[in-house]
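K.L.:
Here's the letter readout for the chains.
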Amino acid sequence: MNRIDQKFSQLKRNKKKAFIAFITAGDPDLTTTEKLVLAFERSGVDIVELGVPFSDPLADGPTIQAASQRAIAQGVTLKKILALVKRLRATTELPICLMTYYNPVFHFGEKEFVAQAVRAGVDGLIIPDLPPEEAKTLIAQARRVNLATIFFLAPTTDFTRVALINKSSTGFIYYVSVAGVTGARTALPKALRAALKAFQRKSTKPICVGFGISTPAQVREIARYADGVIVGSAIVKEILKNKNKKNLVACVAKFVRSLSRYV
Amino acid sequence: MTKPDKFGHFDEFGGRYVPETLMTLLADLERVFVRLRKDAAFQREFRFYLQEYAGRPTNLYLAKRLSAQLKTLKVYLKREDLLHTGSHKINNTLGQILIAKRMGKTRIIAETGAGQHGVATATVAALFGLRCDIYMGAEDIERQSLNVYRMKLLGARVVPVTSGSKTLKDAMNEAIRDWVTNVANTFYVIGSVAGPHPYPVMVREFQSVIGQEAKRQFAQAEKRLPDYLLACVGGGSNSMGLFHAFFSDKNVKMIGVEAAGLGLDTLKHSAPLNRGTAGVLHGSKSDLLQDSDGQVRVAHSIAAGLDYPGVGPEHSYYKKIKRAEYVAVDDKEAIAGMKLLCKTEGIIPAMESSHAIGYLEKLAKRAKKNSTVIVCLSGRGDKDVQSIKDII
Chain S
103 MNRIDQKFSQ LKRNKKKAFI AFITAGDPDL TTTEKLVLAF ERSGVDIVEL
153 GVPFSDPLAD GPTIQAASQR AIAQGVTLKK ILALVKRLRA TTELPICLMT
203 YYNPVFHFGE KEFVAQAVRA GVDGLIIPDL PPEEAKTLIA QARRVNLATI
253 FFLAPTTDFT RVALINKSST GFIYYVSVAG VTGARTALPK ALRAALKAFQ
303 RKSTKPICVG FGISTPAQVR EIARYADGVI VGSAIVKEIL KNKNKKNLVA
353 CVAKFVRSLS RYV
Chain C
32 MTKPDKFGHF DEFGGRYVPE TLMTLLADLE RVFVRLRKDA AFQREFRFYL
82 QEYAGRPTNL YLAKRLSAQL KTLKVYLKRE DLLHTGSHKI NNTLGQILIA
132 KRMGKTRIIA ETGAGQHGVA TATVAALFGL RCDIYMGAED IERQSLNVYR
182 MKLLGARVVP VTSGSKTLKD AMNEAIRDWV TNVANTFYVI GSVAGPHPYP
232 VMVREFQSVI GQEAKRQFAQ AEKRLPDYLL ACVGGGSNSM GLFHAFFSDK
282 NVKMIGVEAA GLGLDTLKHS APLNRGTAGV LHGSKSDLLQ DSDGQVRVAH
332 SIAAGLDYPG VGPEHSYYKK IKRAEYVAVD DKEAIAGMKL LCKTEGIIPA
382 MESSHAIGYL EKLAKRAKKN STVIVCLSGR GDKDVQSIKD II
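Protein sequence lines, in the order shown, are assigned to chains S and C. Note that this note's numbering has the first sequence beginning at 103, numbered continuously upward. Note that this note's numbering has the second sequence beginning at 32, numbered continuously upward.
A portion of the hints provided could be inaccurate.
[What the hints assert, rightly or not] Cβ-to-Cβ under 8 Å is the rule here; a few derived chain C residues that face chain S: (1) Phe38; (2) Tyr48; (3) Pro50; (4) Thr52; (5) Leu56; (6) Gly310; (7) Ser418; (8) Lys420.
[Stated by the list, open to error] Pairs of lysine to aspartate or glutamate, DMTMM-like flavour, derived with a Cα cap of 20 Å: (9) S:Lys213 x C:Asp258; (10) S:Lys238 x C:Asp36; (11) S:Lys213 x C:Glu43; (12) S:Lys181 x C:Asp42; (13) C:Lys136 x S:Asp260; (14) S:Lys182 x C:Asp324; (15) S:Lys238 x C:Asp322; (16) S:Lys182 x C:Asp322; (17) C:Lys95 x C:Glu392; (18) C:Lys246 x C:Asp258.
Quick caveat, the hints were computed from the structure, so don't treat them as lab data. Cβ coordinates follow ideal geometry from the N, Cα and C atoms, glycine included.
Bound conformation, chain C alone:
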C-alpha cells in the first residue's frame, strides 16, 4: 500500500496543516515512529502491554440470538468493549505513550469527547508515571461525569473547555494550543485517526490490531472472509482499526456508520462523510461540516464520542475510492441498537458502538441470505447508563 505519501497525503486528504512551531516536532515524531514500527524491542514491549495489561486478544463472539433475529445475517462481535478501560482506545494510548517515553517526554496531554480516550490516556500515563492533562468540553463533562471522575481518580487533571461549542472539537483546539506552548516536554496523544501527519497513520497502526485479530479469528471460525465489516465512525479510529487489515480483500464490504443525530436533513448531526465537504480542521484535510463561509459547524450526536464535525482523512479517501460505504444512524436508531444488543445478547454497548448495532437491521434487509458481518463493538456502555436513563 502506498498511502499515505511521505507528506501524509491520502490523495488530496490528510497532510500537515499546523503552525510552524509544530512542524519540526512532527517531523521528529514521524522519524521516531517510522523507526519504532520496525524496531523489534519496541514491538515486543507494545505487544506485551496489549496482552498482559489491556487484555488482548479480544474475543470475536458469535451473537447467536441477535443473528437469529436478523435472519439473513450471522453477526460476529469484535469485543473491544472487554479491554481494560472499556474501549478500543487503549490500543492507541499504549502505543503513543510508549513512543512518548522513548522521546523523553515527561508530560502527556489529550483531548476527549466521550471520555473513553481520556480515561485510556490517563490510565497509561498512570502506568508509566507521567503527568497527564486531559482537555474536555464543558458540555461533555456534564454528560460523561462518570468518566471525568475516573480520569481524576487515575491522577489526571481534567481541564474543562468552555470556548466554542464546548465539545470535542474545542477540546482539540485547546489541546493543540497547550501543545504549541509546551512543545518541548509535552506529548500530545491524539485519540483518533485525525490530526496532522503522522497521527492518522500512527493511530491506524496501533488500532490495526483489531482487524488483524478479527481476520484470523474469523478465518478460524468460518474458514473464509466475512462479507461485511461494520463500525461506527466519529473521527474513525475503531473503524479504521477494523478495516485496515482487509483493505486488499476486495470482496469484503466495509460500512462505516456516522451519527445522524436528529437527522441528516437537519443541521444537528455528525456526518461529514454523508453531508460535509472537503475542508481543513485540526491539522489535516478531510470531509468537514462547515457553512458557506468555511466556518466549522457544530456537530450533534447523542454519543459524545461521535460528536465531531470532521473525520480522519483516510476515511475521506476510502469514500472517494469507494473502498468503504458510509451510512448514518440517528439518535433514536442508536438507542434502539443499544436496547437490541442488551436484550438479545446481554451486552450493554457504548452509545458510539450502538450506532453500528443500530444499522444491523437495515443491513439485514439488503444482505443476501447467510451473509456474515463483523461488528466492531468498540466500547462498553456503562458510561452512558446515567445519561441514557433520562431518555429511554
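The shape of chain S in the complex, shown without the other chains:
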C-alpha cells in the first residue's frame, strides 16, 4: 500500500475526507515550495499535489499559467522537483503527487521517470493531457513500483468510459467539477452532486473533486459527498499575494487551514 492508499483508509476509519492542496513547484522558488509542503502537513492537508511547470499548460487558467511561467523563469525542471521531493522525504510522510503535462514525462522517458519518481518518494502521478487510452505503457511501469496513476472524470465523460478510468486509476480519481480550465469560480455547477453520485455508483476508487474550489462554503459542501476536495488556484493566488512578505509560508498555511478545517 502506498502513502495515498494508507491515507484514504486512515481517513475512512476516522470518517473524514481528504483535503488536497495543489501548488506549482518553484513558485516563487523551490526553497519556499519545500517550506510550504512542510507547513501544509501541519495545516490539515492530507495530500499535496506539486505542479510541474510547463510551457504550454492548456488545462490551466490564468492563475496557474502565470505560476508556471514564474517557475520556469526560475529554472525549475522536473529533475529539480524530484530532488525536492527527495529532500522532503527526509522529514515528511505526507503523500505527494506530481501534476504534470505529458511532454516533460515523455521527454524524460517514461521508464526512467517512473523509476526516479518512486526513488525520490513520489506517490502518484496526475497528467491532465494523458487519458488512459494513451497511458498503457505508463500505467504498466507505474504498477510495478506501486506508483499511483490518477485519471480524470469530467461532467462530459460518457458512462461507457467510466470502467476504463476506474480500472486505470489507483490512489484516487480526480473529478473535474466543471467543464473548463483550472481557476477559482464563485459558483459551482448545480448538477455537481447528482453527476458525482452517478459516477460513484460505477467506480470503486475514492473520487476527489477539483477545479474552481476556493471558499470554505464550497469545501464544506463538496466534502459532504466526495471523498476529497482539491484546492489549487486559490492557494497559488495566496502565494502571489504574499510573495513579498517575510512570513509568506505562515500566511499561506493560515489560508490553507481556513479551508482544510471544513473537510
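We have chain S already, so just place chain C on it with the hints.
P.N.:
For chain C alone, coordinates are given in the frame of chain S:
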C-alpha cells in the same frame, strides 16, 4: 491505407492527448466524421460549396518563364492562391463547419497564425450565420493587421493572445481552453493536420482535394505522373493535401519545405522535422521543438503561418517511413522565392508558399533534365506586402 489506426496513431505519432473533458466530444466528432465522409448528401453539399463558393477546381498552371530560368525543371503551380479568401484554408473550414452544423453547434472558434485560417473560418461562419471567435497571438496581430481587419469585417471577434510567445502555439492553447470551457455549443475548427484525433485525418480528408485535382490535371497535361511534389510545411495542411493522393505512387518524390528562419543552426527556426525530437503538443505526438527539459521552444519564421514548433503527426510518419523528404528554407531564401515568382510569373505568393518556391533553385540543381514538379501555391501574398516592404 491503414493509417491511422482507430486511435488516430500513425505508428507512434498522432493519438489523442487531451483533457478528459474533451474525450467524449472527440469520440462523437469522430463518429460523425466517419459517417459523413461516406454520406452522399454531405459530400454533395461539400462539393457544391467548394465549386460554387470557394472556386474549385483551381488551375494547375505551367509556369513557363520560371521553368525556363530553372532549366532542368518544368514547374506546375497548383493555384490554391486563387481560391476565395486567398488560400487553401477554405477547403478545410468549409468541411469542418458543415460538420459543425450537422452536430448542432452554434459557435465556431479557431486559432490562426498568418490569419489565413482565421479569415477562412470567419468567412464560412458568416456564410452560415454562426458566431465566430478567432484566437490570434498578439505578435501575429501586429504583423498581419490586414487579415485581422478582414476577420473583423466578416463579423468575427479577434481575441488577442498575450500568453507565452504570443504566436500560433499560444493561440492554439487559448483556443483549446475556450473549447474545454464551452464544449457543449462550440466547434473548434483546427486549421492544420494537427491536434487530437480525428483532426489530422479530417483536415487531410478536406484538403486532399488539392492532390486529387492536381493528379488529374497533371495527367491531362503530361500524360504521366510528376517527378516531384513540393509544398511548404508549418502544421502541414497544404502539403498533406497535395501529397495524400500520391501516397501509393512510389515514383513521385515528395518534398516538404520547413521554415529555417534565421538558420537551422540557430534556435530561431520553425523546423521540427529537421531539428526537433518526438514530443506531445496540442493533443498529438509528433516532431517538436523542445529544450532538454521537454519545454516547448518558441519557433521563428518570417512567415507567421509557419511559425509553429510542432507539425502534423502524419508528416512525422512520412518522414519516418521515408515517404517524404523534409528540407528547410530560411527567411532570406523565402524572400528570394517570393521575388522570383513575382518577376517571372506575375504572381505574388504568400510568405508561407514562398518557402516552397524558395527551394526550387536547389531542386533544379539536383533534378535530372526534363523533370516535372507540382508546387502547391497555397496562398497569395497580398497579406504580406505591408510587412515585407520594410524588409525588402
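K.L.:
Does Tyr48 of chain C pass the interface check with chain S, least Cβ-Cβ distance below 8 Å?
P.N.:
With Cβ-Cβ at 5 Å, under 8 Å, it holds.
K.L.:
Would the hint linking Lys246 of chain C and Asp258 of chain C be met if the CA-CA limit is 20 Å?
P.N.:
12 Å, holds
K.L.:
Verify the interface restraint on Lys420 of chain C: the C-beta must sit less than 8 Å from at least one C-beta of chain S.
P.N.:
33 Å, violated
K.L.:
Taking the closest Cβ pair, is Gly310 of chain C under 8 Å from chain S?
P.N.:
Holds - the Cβ of Gly310 of chain C comes within 8 Å of chain S, reaching about 5 Å at its closest.
K.L.:
Compare the distance between the alpha carbons of Lys213 of chain S and Glu43 of chain C with 20 Å, and conclude whether the hinted pair is satisfied.
P.N.:
Satisfied, since the Cα-Cα distance of roughly 17 Å is no more than 20 Å.
K.L.:
Hint Thr52 of chain C vs chain S: min CB-CB distance below 8 Å?
P.N.:
4 Å, holds
K.L.:
Can the hint on Phe38 of chain C be confirmed by a CB-to-CB distance to chain S that is less than 8 Å?
P.N.:
This hint holds: Phe38 of chain C lies near chain S, its Cβ roughly 6 Å from the closest one there, short of 8 Å.
K.L.:
Starting from Lys238 of chain S, check that the Cα of Asp322 of chain C is at most 20 Å away, please.
P.N.:
Roughly 26 Å separates the two Cα atoms, so the pair is violated.
K.L.:
Is it true that the CA of Lys95 of chain C sits at most 20 Å from the CA of Glu392 of chain C?
P.N.:
15 Å, holds
K.L.:
CA of Lys238 of chain S to CA of Asp36 of chain C, is that 20 Å or under?
P.N.:
16 Å, holds
K.L.:
Take a quick look at whether Lys182 of chain S and Asp322 of chain C sit within 20 Å of each other, Cα to Cα.
P.N.:
15 Å, holds
K.L.:
Hey, Lys182 of chain S versus Asp324 of chain C, does the alpha-carbon distance stay inside 20 Å?
P.N.:
11 Å, holds
Consistency note: the structure conflicts with the earlier hints numbered 7, 8, 9, 12, 15.
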